[in-house]
Amino acid sequence: MLQLRGLSLTAGGFRLGDISFAIPAGAYGVVIGPAGAGKTTLLEAIAGLRSGVQGSVAIGGEDVSRLPPEARSVGLVYQHAHLFPHLSVAANVAYGTTGEAGLREATALLARFGVSELAERRIGSLSGGERQLVALARALARRPRLLLLDEPFGALDPGRRRGVRAAVRALQREWALTTLHVTHDFAEADVLGDVLVVLEGGRVRQVGEPAEVFSRPASAALAGFLGAENVLAGVVRDGEGSSYLVGVSASSSVPSPDRLPTESRLLSVDVGPLLMHAVGDRAAGPVHVVVRASDIVLERPMSAGEVHHSTSARNVFPARVAGRSSVGPVTEVMLDVNGVSLVAALTTRSAEELELAEGDEVLASVKALAVHLC
Numbered sequence: 263m264l265q266l267r268g269l270s271l272t273a274g275g276f277r278l279g280d281i282s283f284a285i286p287a288g289a290y291g292v293v294i295g296p297a298g299a300g301k302t303t304l305l306e307a308i309a310g311l312r313s314g315v316q317g318s319v320a321i322g323g324e325d326v327s328r329l330p331p332e333a334r335s336v337g338l339v340y341q342h343a344h345l346f347p348h349l350s351v352a353a354n355v356a357y358g359t360t361g362e363a364g365l366r367e368a369t370a371l372l373a374r375f376g377v378s379e380l381a382e383r384r385i386g387s388l389s390g391g392e393r394q395l396v397a398l399a400r401a402l403a404r405r406p407r408l409l410l411l412d413e414p415f416g417a418l419d420p421g422r423r424r425g426v427r428a429a430v431r432a433l434q435r436e437w438a439l440t441t442l443h444v445t446h447d448f449a450e451a452d453v454l455g456d457v458l459v460v461l462e463g464g465r466v467r468q469v470g471e472p473a474e475v476f477s478r479p480a481s482a483a484l485a486g487f488l489g490a491e492n493v494l495a496g497v498v499r500d501g502e503g504s505s506y507l508v509g510v511s512a513s514s515s516v517p518s519p520d521r522l523p524t525e526s527r528l529l530s531v532d533v534g535p536l537l538m539h540a541v542g543d544r545a546a547g548p549v550h551v552v553v554r555a556s557d558i559v560l561e562r563p564m565s566a567g568e569v570h571h572s573t574s575a576r577n578v579f580p581a582r583v584a585g586r587s588s589v590g591p592v593t594e595v596m597l598d599v600n601g602v603s604l605v606a607a608l609t610t611r612s613a614e615e616l617e618l619a620e621g622d623e624v625l626a627s628v629k630a631l632a633v634h635l636c
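According to my numbering, the sequence shown is numbered sequentially starting from 263.
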């Protein structure tokens, strides 16, 4: 387990302030945040590489705040590897291990990452991706209590990145190795993380399971940073809202019933000229409405004599297609909903089946559970 309590430090004009969170034993934690948020500084403070650190760092239940780096049993992998140029790959990986057992571990890890053939090579002859793989193997060879990763896959091509990412996650599970991983890749954070920590301006802004953080960001600013396509100003109506019994199936980005506030209500929210419904426990007044593009369902309006029975959504709006953009299997559709701009995301195949073109009229629907207020 990694437990931080009030961790703070000042480095030049930057301050990492009052950092408190926990990564359970054997869990995979991920830190995301904009450039300059303090992510690498945080890892270095945990590893004991920064001076002037206040607060406490506990690893495996032991307070290591006053211990030097070499006594903390931490493996740290930087984005740029930082290997020993005068040693071979095998010697780099085995550095810090002991005896034949250490050499066997180094050999096994090189094989696990598919780079056994590099064992006798010098570091200067390696590509950036190969160096990152060697750095990963070196950090793991000592069997640390805590693994810290700073953009460890950044130099790998996409195909190899997926394979190495899966290998690291499998090894982490196999060893029950508590891990904290810094990344700019939201998809990577979602796939790998058990716990997601959002860091901004040297402070923790939100902590939770990745699906929960991405679908229910703590603020409009975080929603924008986390990639929410639709963040709109709105006002919760005064005196409106009824108790809400959850009885609908939820998509991956819609919170499950046990994630909702105990006193959840069906709320009415004015978003410009639109009346939207959301589920939550908010007082009347200004809010920001967050809707993921993937939670907006599009369909053609009814023709005469047709009966619609395809949606149980509380929010159904006539809309006009303002544009569309396809990237591989995903198509984003820009919508004009009575003067309010929304973005919907659907599979490119679905977009082609609907034959959507600019100016077409569609129905856009969103379940109340998918409308997040912050």
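A portion of the hints provided could be inaccurate.
Said to hold, decoys possible - Ranges between beta-carbon positions, derived for each pair:
1) Pro580 <-> His344: 52 to 62 Å
2) Thr272 <-> Gly416: 21 to 31 Å
3) Ala428 <-> Pro580: 25 to 35 Å
4) Pro591 <-> Gly486: 40 to 50 Å
5) Asp447 <-> Ala373: 50 to 60 Å
6) Pro580 <-> Ala373: 52 to 62 Å
7) Arg366 <-> Glu471: 22 to 32 Å
8) Gly275 <-> Glu623: 50 to 60 Å
9) Asn600 <-> Asp280: 22 to 32 Å
10) Leu329 <-> Gly486: 18 to 28 Å
No wet-lab data here; the hints were simulated from the structure.
Values in this document were obtained by computation on a predicted structure and should not be read as measured data.
Where a beta carbon is used, it is the ideal one built from N, C-alpha and C, also for glycine.
Exercise for review: Quick one: which hint numbers does this structure break? Sort them smallest to largest.
Suggested key: 3, 4, 5, 7, 9 and 10
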